[in-house]
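Enquirer: Each chain is listed here by its residues.
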Amino acid sequence: MAPVSTPTFFTRKQASVTNGWGASAERLGWLIASLLSFVLLWQLVASYADDVRRFPTPAIVLETVSQLAASGALWANISTTLVRVILAFFFAMVIGSVIGILLGKFPRVDRFFDPWLVLFLNLPAIVTITLCFIWGGLTQAAAVTAVALNKIPSAAVTLREGTRALSRDLNEMAEVYKFGWWKTLRHVTIPQLAPYFASAARTGLALIWKIVLVVEAFGGNGKGVGYQIFIAFQEFDVSIILAYALAFILIVQVIEFTVLQPLIERVNKWRR
Amino acid sequence: MAALDPRSGGAPIRIRVDRKIFPAIGAREAQLVLSDVKFEVQPHSFLVLTGPSGCGKSTLLNIIAGLDSDFQGAIDLGAGKDRMTYIFQSPRLLPWRTVYENIALALPDGDPRVKNIPEMLARVGLTDAATAYPERLSLGMQRRASLARGFILEPDILLMDEPFVSLDDPTAQSLRRLLIELCERHPTTVIFVTHDRAEAVQLATRILRLAPGKASVVQDANVQLTTAQRLDRGLVLAEQSRIFAAA
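In order, the protein sequences belong to chains F and P.
Per this note's numbering, residue 1 is the first one in the first sequence, and the count goes up by one each step.
Per this note's numbering, residue 1001 is the first one in the second sequence, and the count goes up by one each step.
Because the hints were derived from the structure by calculation, they are not lab data.
Fair warning: this is a prediction, and the values are worked out from it, not measured in the lab.
Yeah, the Cβ is synthetic: ideal placement off N, Cα and C, and Gly gets one too.
Chain F is faced by these chain P residues, among others (derived, beta-carbon under 8 Å):
no.: 1; residue: Ala1065
no.: 2; residue: Leu1067
no.: 3; residue: Tyr1086
no.: 4; residue: Phe1088
no.: 5; residue: Ser1090
no.: 6; residue: Arg1092
no.: 7; residue: Leu1094
no.: 8; residue: Leu1105
no.: 9; residue: Ala1106
no.: 10; residue: Tyr1133
With the hints as extra help, turn the sequences into a complete structure.
Expert: What follows is the structure, encoded as structure tokens:
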């Protein structure tokens, strides 16, 4: 069985709660220093390489970003890719969670399907992608399916673990106090699964936005960040590759901090 | 102490467990836990099931509660079966809900008794902890919250499984007093499991003792103490040695 990552974000969250403003200012300082030295290092290596096309400086990449943004290409391609990310993420989380909960709940079903899960967990991404395009054609549906299929098994494994860990004590309590299925689901089951769901969501987003670029490069139909990178590769235009990479990293980080993190903090506010 | 109320006139709780077996798991053989356990509990009496650990008393309580249906026999809770509450050995509060929410969740949606919660919280001394999450409270406070959750339902039948175990003595003593007080306010039939003989004598109107080898009731004794006498440690000790002299 593949190892299961237990949710590890609790400690991170606690640190951010116990620290005051001074501490977060200090952390911001470290962040800026760290990023600045990265840019500096990049600049140094680029000027040593002295080849604008194959190793552009930060300034050139930044200029490419603004040119792409001005032409509208940047946002058009990023939004195309983001739609794929969101669709694939949604389907992977829903399907993976349902499968995981069923496997965790029914040991017989689990014993039967566990080998399938191992099979899909170890299936190389490039194989799922190839097969999806062969069977589904170069369509949006095939692309989204290919991405989702790469995440479903690990989401299922995480949620299976969470379902197995559901407290029998609390279920008995809910039974004795006649909670009924809806109250039990809402107040007993879902709060217990939330950290596993959050963990699957976070690793899922990290995996999906990387896979989606490969899928687009592989079965590109003219749009999407992955396809643009593929074209840039053929033209050896590194500044375009890095420009898209930078813009995409930025967007994913924004999603992480404005959507995922607050959600996780809300779900965990009861912890000591 | 909830004395037998002649006016209540309710039917007694009838318990009959012919046979309860823990099935074999791996190398462990199947085990006969209970056999030929049969007794009635009069309305508004306080019955204590006692005996060393492993004698099957918690198993019996789970059977009575309906949590364990894998046994031969029959349980008749009479009219009180819809107003039964189980207070567990561990508090079993929902850690992601506040103390107040935990108590409110025990009530059906829209139940008017929700307005009694502040008074119940005051009674168990948790008014200031109403909005706290359980894991931030001491075990004693969690136990009190669990008692409040059980009592807000004004149960006719109250099952309790070692609810005061692993508490320091003064805390346990104050919770026992609270239990006696709550039972007097709302007359309840109590079935209480404990391995602590002093606690058994202090609370019970009747004690059933189970023995592990026998898998059955080996002693059935009435406790002859008034409510006031139960607070006197010396009298409780004397009654304890009278009841358990043969044991």
